[in-house]
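> If you want the building blocks of each chain, they are given just below.
There are 2 protein chains.
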Amino acid sequence: MSDDIDVLVHEVGPRDGLQSIETIFPTQAKLEWIRSQAAAGIPQIQVGSFVRPDLLPQMADSADVVKEAVKIPGLIVSALVPNLKGAQNAIAAGAHQLGVVMSVSEAHNKSNITRSVEESLEEFRKIVEYRIDVESDRTTVISGGLATSFGCTISGLVPVRDVMKRAEQLLARGADRLSVADTVGFANPRQVKDLFDELFRTVGDNIPVGAHFHDTRGLGLANAFAAVEAGVRELDSCLGGLGGCPYAPGASGNIVTEDLVFMLEAMGMKTGVDLDALLQTRELMEGYLKGEPTQGTFHKAGPPLGFVPATIVA
Amino acid sequence: MSDDIDVLVHEVGPRDGLQSIETIFPTQAKLEWIRSQAAAGIPQIQVGSFVRPDLLPQMADSADVVKEAVKIPGLIVSALVPNLKGAQNAIAAGAHQLGVVMSVSEAHNKSNITRSVEESLEEFRKIVEYRIDVESDRTTVISGGLATSFGCTISGLVPVRDVMKRAEQLLARGADRLSVADTVGFANPRQVKDLFDELFRTVGDNIPVGAHFHDTRGLGLANAFAAVEAGVRELDSCLGGLGGCPYAPGASGNIVTEDLVFMLEAMGMKTGVDLDALLQTRELMEGYLKGEPTQGTFHKAGPPLGFVPATIVA
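These protein sequence lines map, in sequence, to chains P and R. The first sequence maps to residues 1 to 314 in this note's numbering. The second sequence maps to residues 1 to 314 in this note's numbering.
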């Protein structure tokens, strides 16, 4: 993470947002979005997902998007990969970071990626080994994602000790960093604070840890604040909360990037992001939608009188 | 505050919600709402405002509402009063608690209640004296309200030391408790935490302190969590976020009662409230609206699988 920022805002809209809506963005539209948002100061963008195109046609061009996105100076380009084959393709395309996600909940993992958690851990090990084998002059960062860390739509409560165990197993298999996700919007801020406190006690302070929240029950930003309070310095979010319909099970959106950036900047935490430019990116992105709703409040309410962002825009 | 609850949720919808919308609720509709919500376990409701009826016709029946509401067993009935005359009428009607509000921002106080802050403090002193003079067998609780404590639409930033000074002046003039308000939706959770930390250092831990947030920029529940973290145990909120339009200046709504109760209960903090019954009150209230929008997510998303509220409903 750059020394110039206090919290890394990781935009996941081109992946998590776009995969949740009907409209398929043309490759050039995705790249316009990504370039615009990088220019606004967003340091890291998850630009696609290396899944089977018949399962997620919105993501079919992910290799092309990665290949262009990595040309943007300074931008960290991340991609989601479900398995070794996806990882191979993402590394071939030049992604800087791979997000490899498994669910802490056994039932959710089986339902979502048709594997047991042990099988997912084994696949994770293969991905790390593959990277070591093929790479000499660069190192793709591999992030171990822990989905359903705060609860599961199938099995309900997820024990904190299960999250700790899977976190340690991912690190033992070579994860460079962790991403802890409230995949289904179950978390509350007390739980978030407690879980991250426990996680930092378990894995130490040297492993970068990100948090991924959905706003299903209106607690997304409260959870983001709680995570920051616990020491988390990387947060996933989605421009305009795209894909966000809190009322359709399975389709509740990520926290809204511009609202998150406003909160952090108002709290005196530098994100490196220019809020005005970010709102322009939002408008650009909305121009490609075909009726899908967006979320958020900052774009309408604007900054409060006297607002001084932590990031000084040059 | 009852020993059975950890956080007092103070419903202000029949005042702050109804005064912000066009529709005038008949007295019986207000009482249906109040009775239903009290039955759902809400311990305190601000049922009206003793202002000039020509200024706020929605509040013209406040004396009648108070007179009936105080018959509800166990309910603490509060009312907003802008001046001595309002306080006299509210006490005559039998209100248990008076909220007397002044703005920390001089400019906002002048604009809102056409007095200097010093004049407001003098009026506050008269209200406390009047209560002492007329009351023998009971004591109406007087809450000193500090509006614009987190910023002002006219003068922007409000210094923390000004909030502390006014808090001490209100207590010196006999306030039984304090209510600190983000009247215009400017606060961020870091600021909230810091301000309440400072306030408890200044006035001690024995003065009950409430917090009043608006959700103008999506940070309402994050701010509520931050206040709870700082030790605040009383929060104002509004059923359905009534009156809430984050996009119209001056009309941004309070945080949503049912979302707040869900957050607190999920965090293991007892509110004494039955969430199912609260949603029924919401429906009852919505039945009287004439097109005004309501807010909130919990009523649509419902509780997460495995949710165990802190309050055990008998």
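For the record, the hints were derived by calculation from the structure and aren't laboratory data. Positions of the beta carbon are idealized from the N, C-alpha and C atoms, including for glycine. Be a bit skeptical, because a hint or two may be false.
Unchecked claim - Okay, derived cross-link-like pairs now, DSSO-like style, lysine-lysine, Cα gap no bigger than 27 Å in a straight line:
| no. | chain 1 | residue 1 | chain 2 | residue 2 |
| --- | --- | --- | --- | --- |
| 1 | R | Lys290 | R | Lys270 |
| 2 | P | Lys290 | R | Lys71 |
| 3 | P | Lys126 | P | Lys165 |
| 4 | P | Lys300 | R | Lys300 |
| 5 | R | Lys270 | R | Lys71 |
| 6 | P | Lys85 | P | Lys71 |
| 7 | P | Lys110 | P | Lys71 |
| 8 | R | Lys290 | P | Lys300 |
| 9 | R | Lys290 | R | Lys300 |
Said to hold, decoys possible - Label-pair distances were calculated between CB atoms; the ranges are:
| no. | chain 1 | residue 1 | chain 2 | residue 2 | range |
| --- | --- | --- | --- | --- | --- |
| 10 | P | Val70 | R | Ala277 | 41 to 47 Å |
| 11 | P | Glu283 | R | Leu305 | 36 to 42 Å |
| 12 | P | Gly204 | R | Glu168 | 55 to 61 Å |
| 13 | R | Lys165 | P | Arg233 | 32 to 38 Å |
| 14 | R | Gly231 | P | Gln280 | 37 to 43 Å |
> Does each hint fit the structure? Answer for all of them.
Results of checking the hints against the structure:
1. R/Lys290 x R/Lys270: 34 Å, violated
2. P/Lys290 x R/Lys71: 54 Å, violated
3. P/Lys126 x P/Lys165: Holds. Lysine 126 of chain P to lysine 165 of chain P sits at ~19 Å (cutoff 27 Å).
4. P/Lys300 x R/Lys300: Within the cut-off at roughly 23 Å; holds.
5. R/Lys270 x R/Lys71: Holds, at about 25 Å.
6. P/Lys85 x P/Lys71: Answer holds: lysine 85 of chain P to lysine 71 of chain P is near 24 Å, not above 27 Å.
7. P/Lys110 x P/Lys71: 37 Å, violated
8. R/Lys290 x P/Lys300: Holds, because 24 Å separates the two Cα atoms, which is no more than 27 Å.
9. R/Lys290 x R/Lys300: Within the cut-off at roughly 20 Å; holds.
10. P/Val70 x R/Ala277: 41 to 47 Å: Roughly 55 Å apart at Cβ, these two residues miss the hinted range, so it is violated.
11. P/Glu283 x R/Leu305: 36 to 42 Å: About 37 Å separates the Cβ atoms of glutamate 283 of chain P and leucine 305 of chain R, which means 36 to 42 Å holds.
12. P/Gly204 x R/Glu168: 55 to 61 Å: 44 Å, violated
13. R/Lys165 x P/Arg233: 32 to 38 Å: Cβ of lysine 165 of chain R to Cβ of arginine 233 of chain P: about 36 Å, so the range 32 to 38 Å holds.
14. R/Gly231 x P/Gln280: 37 to 43 Å: Distance hint for glycine 231 of chain R, glutamine 280 of chain P holds at roughly 41 Å.
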